[in-house]
Amino acid sequence: MLKHLFRTLVETWEVLANEVRRVFLDKTTVVIFFLATAVYPPLYYYIYHREVLQEMPVAVVELSRGENSKRFIHKLDATPELAVAYRCATLAEGEELINRHQARAVYIIPADYDDRLARGETARITCFSDISSFLYYKNAMFGGSVVMLDEMHTIEMAHHTDAGLDHHSARIQVQPIEVEDVKLYNPSGGYASYFIPALLLLVIHQTLFFGICVLCGDASERHRSLQVIPTHLGSFRSIRIVTLGRLLCFLLIYIPIALFDLWILPRIFGLPQLGSAIDICLLLLPFLLATICFSMTIGNLFSQQRMSTLLCCLFFSVILFFLSGLVWPQPNMPRFWLAASYLFPSTPGIQGYVRIASMGATLAEVRHEYLALWLQTGFYFLTANISLYFIRKFKPQTDH
Amino acid sequence: MKRVFYRELRRIRRKPRYTIILTVGIALSFIFFATMTSEGQPQELPVAVVDLDGSYLSRRLCHEINATQAVNVVAVYGSHGEARSAMQQGKIFAFYEIPNGTYNEVLQFHAPKIVLYTNQSYLLAGSLCYKQLTTIGKLAGGAVQREVLRKKGVDEDQIMGRIQPIALDTHPIGNSKGSYHLYLLTILVPGIIILMAMLQTAYVIGRERQEETLRGLMRVARGNALHALVGKMLPYTMYYTLLMLLCSLIMFGPMHLPMEGSWPLLMLLSLLSVVAAQCAGCFLMGCVPDPSVAMSLTSAYGTLAFTMCGFSFPVDAMPLPMQTFSLLFPLRYYFLAMRDITLFGNGIGYIWPQLCSLLLFPLLLLIGAAMLRRQYERRPQC
Chain A
1 MLKHLFRTLV ETWEVLANEV RRVFLDKTTV VIFFLATAVY PPLYYYIYHR EVLQEMPVAV
61 VELSRGENSK RFIHKLDATP ELAVAYRCAT LAEGEELINR HQARAVYIIP ADYDDRLARG
121 ETARITCFSD ISSFLYYKNA MFGGSVVMLD EMHTIEMAHH TDAGLDHHSA RIQVQPIEVE
181 DVKLYNPSGG YASYFIPALL LLVIHQTLFF GICVLCGDAS ERHRSLQVIP THLGSFRSIR
241 IVTLGRLLCF LLIYIPIALF DLWILPRIFG LPQLGSAIDI CLLLLPFLLA TICFSMTIGN
301 LFSQQRMSTL LCCLFFSVIL FFLSGLVWPQ PNMPRFWLAA SYLFPSTPGI QGYVRIASMG
361 ATLAEVRHEY LALWLQTGFY FLTANISLYF IRKFKPQTDH
Chain B
1 MKRVFYRELR RIRRKPRYTI ILTVGIALSF IFFATMTSEG QPQELPVAVV DLDGSYLSRR
61 LCHEINATQA VNVVAVYGSH GEARSAMQQG KIFAFYEIPN GTYNEVLQFH APKIVLYTNQ
121 SYLLAGSLCY KQLTTIGKLA GGAVQREVLR KKGVDEDQIM GRIQPIALDT HPIGNSKGSY
181 HLYLLTILVP GIIILMAMLQ TAYVIGRERQ EETLRGLMRV ARGNALHALV GKMLPYTMYY
241 TLLMLLCSLI MFGPMHLPME GSWPLLMLLS LLSVVAAQCA GCFLMGCVPD PSVAMSLTSA
301 YGTLAFTMCG FSFPVDAMPL PMQTFSLLFP LRYYFLAMRD ITLFGNGIGY IWPQLCSLLL
361 FPLLLLIGAA MLRRQYERRP QC
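Those protein sequences? They're chains A and B, same order as listed. Read in my numbering, the first sequence has 222 at position 222, and its numbers run on one by one without any break. Read in my numbering, the second sequence has 332 at position 332, and its numbers run on one by one without any break.
No lab work stands behind these hints: they were computed from the structure. Among the hints, erroneous ones may be present.
Said to hold, decoys possible - Straight-line distance between alpha carbons at most 25 Å, and here's what the computed PhoX-like set of lysine-lysine pairs gives: (1) A:75 <-> A:3; (2) B:138 <-> A:183; (3) A:75 <-> B:138.
As the list claims (entries may be wrong) - Label pairs and their calculated CB-CB ranges: (4) B:264 <-> A:182: 50 to 60 Å; (5) B:20 <-> A:92: 47 to 57 Å; (6) A:340 <-> B:152: 40 to 50 Å; (7) A:150 <-> B:63: 27 to 37 Å; (8) A:30 <-> B:360: 29 to 39 Å; (9) B:113 <-> A:30: 55 to 65 Å; (10) B:256 <-> A:89: 32 to 42 Å; (11) B:250 <-> A:150: 37 to 47 Å; (12) B:171 <-> A:150: 19 to 29 Å; (13) B:264 <-> A:92: 50 to 60 Å; (14) A:46 <-> B:155: 58 to 68 Å; (15) B:171 <-> A:379: 42 to 52 Å; (16) A:276 <-> B:19: 18 to 28 Å; (17) B:108 <-> A:80: 45 to 55 Å.
By construction, the Cβ of each residue, glycine as well, lies at the ideal position given by its N, Cα and C atoms.
Required output: the full structure, derived from the provided sequences and hints.
As structure tokens, this is what we get:
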């Protein structure tokens with residue numbers, strides 16, 4: 001019994017050592033595993049590190065030039081979101097500015113603006129906004145509505161104090177219920193704090209996937225037995241050992257990479273880190289295992305050439321990000337896509353990591369995702385074995 | 001060049017696998033993005049109320065939240081902790097907390113405070129909830145104000161002017177409902193096609209080098225590396241431009257996405273973008289000696305293109321070096337010009353800078369050809 005166990009260990013070690021050698025001798029996998037994981041996250045952080053769009057240039061068409069409209073424009077300019085870069089006298093001017101993209105939004109203050117306010121009627125301001133990026137629209141809308149609410153407050157207060165109320169009573173009249181808003185987890189609504197945690201997980205997922213597929217394709221291309229199975233091993237046992245050995249090899253390589261990407265980098269970037277380190281590590285283990293087994297399955301089955309899977313990297317990466325539920329909320333996904341999203345370890349991985357790291361959830365609060373990752377690990381470990389078995393059975397091969 | 005073109009067609013016919021897989025991949029992504037976001041904007045987002053007051057006011061707030069399309073109250077919790085935990089489990093995106101005694105304070109004119117918590121880790125869901133729920137909060141205040149004014153005998157016409165002296169209507173140009181469907185589909189699908197054209201061109205050149213058939217290729221091209229490259233690119237240029245046309249026809253035809261500008265201009269833009277991307281692929285393939293490392297770099301460059309075209313996070317908000325870096329991506333020019341044509345209905349007078357920039361990319365082909373030639377001369381036996 002002990003001897004058997006020892007033999008298994010030695011054989012697994014052989015496979016592991018052989019796989020490590022293959023990884024380090026292959027230029028492409030070194031680039032994917034070590035360069036991509038080190039370059040992508042800092043690059044993306046650098047791209048997004050300003051978090052929000054500030055002082056977006058806008059134009060104002062001033063058809064009314066009273067005291068109230070001047071104050072409105074002044075307040076628009078004072079918001080962090082907007083900067084009034086152009087003041088136009090005609091609609092045509094404003095239109096041209098927005099068509100040329102010199103202004104991202106144009107606010108039109110109608111000719112009767114001040115008159116209507118003086119008469120105590122509702123005055124309407126119209127805003128046309130560029131929506132080629134949603135952030136332009138968001139800035140135009142939020143900046144505009146902050147100013148609108150503030151102006152409303154000022155005007156209403158004036159009404160009430162003119163009617164003889166003191167400041168305190170006027171305030172209560174204007175605002176009988178106060179609404180305080182608290183933006184949790186990402187107070188500035190910033191892009192880096194939102195995108196980078198998910199990106200870190202996705203980078204680990206995708207580099208593992210493509211690296212393993214390149215290795216599988218390489219073996220298939222050279223008509224070798226896929227993972228160089230020691231010939232003296234029995235068929236079924238050998239397959240289990242080969243899968244296990246490779247799994248351990250990639251796990252060993254990725255533990256330091258994952259620690260670098262998920263532990264050191266977020267601290268350097270100053271991203272919110274609310275969760276406990278133990279919870280993150282506990283989540284990472286099944287994530288790495290599931291990803292490796294998933295990649296080995298796909299690699300065994302579909303990767304015939306070194307470069308072929310890289311062709312799919314584009315739509316695969318973009319679609320996985322959308323499937324993770326971070327962009328389009330999970331409750332709003334069509335059922336079919338929601339179910340499909342759980343085929344990939346990236347979905348529960350990203351959901352779990354973002355909730356633990358950015359939102360301070362405990363492992364118990366992400367138990368569904370955690371369970372899903374372990375289920376995926378079990379399932380893909382099986383499929384990795386089965387696919388290897390079939391490949392060995394049906395593909396001609398020459399062991400070197 | 002013609003002979004290289006026919007040779008490439010024969011190669012495709014012999015091994016149509018990748019072209020088929022990529023076409024299926026593009027079709028699947030089209031279906032994916034079209035069905036995923038078909039609501040336009042997320043509707044009925046789950047939110048909650050922490051009701052510590054248990055009054056008429058809190059019930060009315062729930063009622064008003066449920067009356068809107070964007071959000072939906074899925075639970076009423078008895079404590080802050082429960083709601084916070086539900087948020088961390090991903091069950092809700094926002095919650096209102098109504099402290100004990102709020103309604104009484106309203107009646108006594110003490111201006112109580114209610115608190116709105118939104119989850120900004122999910123940027124889209126969080127900001128939609130924020131927008132909707134703050135409006136409802138303000139309206140709740142407005143309802144109280146209206147009662148007071150009515151009791152004071154202010155007539156109905158004037159009440160509106162008193163409660164809401166200013167109204168702001170925001171109209172997004174070309175996408176009046178702020179639909180994500182239109183926003184994502186019109187850039188992501190053409191983007192995927194353009195980048196696929198680049199990747200496949202790079203891939204077939206890489207295969208020639210890997211299979212060591214470069215010599216055969218150069219012989220067919222009579223030793224002219226530029227002819228060899230152009231001949232190899234051409235079948236894919238035609239195929240992917242055709243796919244672009246087909247996608248645009250489906251999007252702006254039966255799917256009724258808005259298209260304000262001219263069709264020929266959009267087609268010209270599509271053709272130029274496909275060619276520019278292919279040239280970038282040839283260049284990378286020529287410059288990096290190891291074909292599969294080159295392929296990894298090309299796909300990394302391709303994936304980065306979606307970020308650098310600035311459709312999600314605008315390029316003006318990126319640091320200056322990155323703004324310059326974005327000039328190296330054909331997809332950036334496609335995005336800028338496509339937006340002008342479809343959303344703004346602008347003509348060539350507005351988008352000529354982008355078209356001219358795309359025309360510069362074929363210069364990269366010359367460098368790629370020179371590199372290919374050098375590799376061939378160094379190892380003519382292959």
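Subject >> Violated hints - listed by number, lowest first >> reply: 1, 6, 13, 16, 17
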